[in-house]
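**Q** Sequences and hints are given; from them, build the entire structure.
For reference, the chains in residue letters:
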Amino acid sequence: MTIGEQQQAAVATRVDEATGTAERVEFRGAGRERVFSVQYTPATEPVGGLLVCPALASEFTQNYRREVLLARRLAEMGFVVERFHYRFTGNSDGDSANLTFDSMREDAVAATEHLRGLAPGLPLFLLGTRWGSLVAASAAASSDAGLVLWEPELDTARFFKDAFRARLVYDRKRGVEEPLTGAQLIERVRAGDPVEAMGHTIEPELFHSSEGRTLEGELGSTPRAIFVLQLGGTGVVGQALSSQIDRWSEAGFRVDVETVKGDETWWVIDERLNDMGDQPMTKRLIELTSAWLATSVGRQVEA
Amino acid sequence: MSADPRPDYVERPMYFDVDGEAVFGILTRSLDEHVDTAVIVLPGGGVPLTTNRNRLTVRICRDLAGLGVAAFRMDYHGTGESTGSVGGFHTGHPFWGDVRAAISRLKEEGLTRFVLVGSCFGSRTALSAAAHLDDVEEVLLFSVPLGDYAMGERKSVTTAQRHHLGHYARAALRPRTWRALLSRRGRWVLWNHARAKLRVIWTRLSRLAGRAPSSEPHAEHISPRFRRGLERLIERGVPVTFVFGDDEDYHREFEEARRHELGEILARGGSKVRIVTLPGRIHGFTTLASQDASLGVITEWARGRRAGFVPGTPTDVAS
Chain A
1 MTIGEQQQAA VATRVDEATG TAERVEFRGA GRERVFSVQY TPATEPVGGL LVCPALASEF
61 TQNYRREVLL ARRLAEMGFV VERFHYRFTG NSDGDSANLT FDSMREDAVA ATEHLRGLAP
121 GLPLFLLGTR WGSLVAASAA ASSDAGLVLW EPELDTARFF KDAFRARLVY DRKRGVEEPL
181 TGAQLIERVR AGDPVEAMGH TIEPELFHSS EGRTLEGELG STPRAIFVLQ LGGTGVVGQA
241 LSSQIDRWSE AGFRVDVETV KGDETWWVID ERLNDMGDQP MTKRLIELTS AWLATSVGRQ
301 VEA
Chain B
1001 MSADPRPDYV ERPMYFDVDG EAVFGILTRS LDEHVDTAVI VLPGGGVPLT TNRNRLTVRI
1061 CRDLAGLGVA AFRMDYHGTG ESTGSVGGFH TGHPFWGDVR AAISRLKEEG LTRFVLVGSC
1121 FGSRTALSAA AHLDDVEEVL LFSVPLGDYA MGERKSVTTA QRHHLGHYAR AALRPRTWRA
1181 LLSRRGRWVL WNHARAKLRV IWTRLSRLAG RAPSSEPHAE HISPRFRRGL ERLIERGVPV
1241 TFVFGDDEDY HREFEEARRH ELGEILARGG SKVRIVTLPG RIHGFTTLAS QDASLGVITE
1301 WARGRRAGFV PGTPTDVAS
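So the sequences go chain by chain: A and B. Each step along the first sequence adds one to the number in our numbering, with nothing skipped, and position 183 is 183. All you need for our numbering is the position in the second sequence, starting with 1, plus 1000.
Read the hints as simulated data drawn from the structure, not as lab findings. Check the hints yourself; a few may be wrong.
[Claimed, not checked] Chain A stretches covered by chain B per the calculated footprint, using a threshold of three residues with CB under 8 Å from any CB of chain B:
no., segment
1, 60-68
2, 89-101
3, 193-205
4, 276-286
For glycine and all other residues, C-beta sits at the position ideal for the given N, C-alpha and C.
**A** So, in C-alpha cells, the structure goes:
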C-alpha cells in the first residue's frame, strides 16, 4: 500500500446492528496536526447535531467513556454527534507543548462547521465538560448554538488550582518533604517552565493563552439555551455557579439546571472510582442530557 | 515545523469483532519500512484507553513506528471507543480474547510477529494471551500483579493474606477506622477489607476440609493463573521482561516471590527472563518520570531488537 493509500485508509467505520446508527473514526486534516475525530450518525432522518468538547488531562480520561455512551445514545435518538480530541492531545497529532486555548477553540470551531455539514439547517448544540465547557462556550459564541455544560469550570484559574492542589495532596501522600504549593507552581509555569500535575504536563503555552478567561466572557452576551448539570455528593448547585446562572437568566438566556448525585473526583487517582459507564451517576447524566436535547428539538425521548 | 508536512508515521483506526462487540484500536506504522512485527500495547485498568495517562501509549506507538516497529493501541471491550460493557477489571480474568482478536485483525494487515507490552491489568492480559497464543514472540510486563483481585482491592486482599485477625481487631479500635464509617468511600474500603479477610478464611478452611477451591479467582499471594502462564512462556522459550519501580508493592511482592515460589521458574528461563528496576513508582504512570523511564525501556528494547539483540542477562538493570 502506498503512503497515499495508507493515509486514505485512516478511517474506520461501523454500523450498529441493533440500532442502525453508524460510527466513523478518522484522523481529519492534513500534515502533522491531524485531529482524531468520531462521528455518529442516526439510522433515521437527523433531528439535530451535538459537538462534544472534551475536558483536559485527568478530567479528559475520567469523562471519556461517558462521552462515548452519550454520543451513541443520542445517535439512537436521531442526533448527529461529533467527538474529537484537540490537536496536541489524546490521539490527535502534535506535541502537547503546542497546545493553547486558541488552538482548542479553532479545533472546536472547525468541528462545528463539519457537524453543520452533516446536519444542515438543524439545531446545533455544543457540550463541554469541565475545561471543555470553556472551549464549547468560546466556539459557540459566534452562533446561536445551544450549550450543555457538565460540571463547568467558571474560569481557567479553577482548572489550574484543582490540578495543583491534587499534586500537593499526592506529593504529601508519597512523602515528598517540601512539596510545592499551588502558588509556587503557578509562579513556575508563569515563568515559562512546564509543571507536572498527576502525571500530566501543564505547559506554559496553555497557561498563558488561557489566563484570565472565564466562561461568561467566552460565551458573550447572545442569549441562548443552556443546560447545566452539576455533579457531586451534595446535589446542590455551588454558589459561584448559581450566581452565574442568575446573571445569564437576567440577560435573557434560557438556563435549565439539574444536579446529579454521585462521587466524582476529577484529579484523584483512585482505581476504585473508575467509571466504565456503569455508575448510576453516568446513567443519570446521559438520561438528563438526552432528555433535555430531545425537548430542545421538539422530540419525545424514547425509552 | 519540518519541511515535510507529513507526520513520520501512518495511523489507521480500526474496529474488530470480539464475541459480537466492536473493539477499537489504532495501528501506527512507519512510512517507508517493510514491517512484520507489531507491538500491542495493553493498558492497565486505571486509564483503560488508547491514550493512557498523558498520551503515554500514543507516544510509545509513534516512537516505535519511528524505530521500524508497528504498534497497536486498543480499548478493551466495554472501554473507550469499543462497544460492550465491563463491570470492572479483575487480574484473574484478563481480557486475552481481545488480544487474540487483535492479532487476527493485524495479520490481515500483513503483520506476522507479535510482542505484547502491558501494564498492571494489561500485563496480566499480556501474560495470559502469550500463554494461550503461539503467535506471541515476547512480552514486556510493567508492574505485573502476582495475585488475583479486582481493581482497587489489591490492598485489602494482600492485607488479608498477610495479617491475622488480631491486626483487624487492633484496627477496629482506632478512631480513624470509625471516622471512615462517616463517608461512603470509607465504608466501601472497610467493607472490602472485611470481605477480603472472610474470603481468605473461607479459602483456608475449605482447604483444611479438603474441599476443592471455588472456581472463582481467590485470594492468593501468587495466583495459580500467573504461575501457570509464566511457566508456559518459559517452556516455550518466550522472552519475558519484567519492569517494576523500586518503590512499589508490586516490586516488593515480586522480589519476595523471586526468592521463594518463583525462583526456580525464573531461573529456568535463564537469559530469556529480564528484570528491569526503575527508580520510584511506575504503577499507573502517575509521574512524568515514570512515563519517560517506561517509554525509555520500550524504545531501548526496540533499538536492541533492530540491532539483533537477544534479551539479556538475568540480572537487574537499574536505570
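**Q** Are there three or more residues in the segment 89-101 of chain A whose C-beta lies within less than 8 Å of some C-beta in chain B?
**A** With 5 residues in contact (Cβ-Cβ under 8 Å with chain B), the coverage given for the segment 89-101 of chain A holds.
**Q** Confirm or reject the coverage of the segment 60-68 of chain A by chain B under the rule of 3 or more residues with a beta carbon closer than 8 Å to the chain's beta carbons.
**A** Check passed, 4 qualifying residues.
**Q** Holds or violated: the segment 276-286 of chain A covered by chain B, criterion of 3 or more residues with Cβ-Cβ distance under 8 Å?
**A** holds (count 3)
**Q** At least three residues with a C-beta closer than 8 Å to a C-beta of chain B: is that true for the segment 193-205 of chain A?
**A** Check passed, 5 qualifying residues.
The structure shown violates none of the earlier numbered hints.
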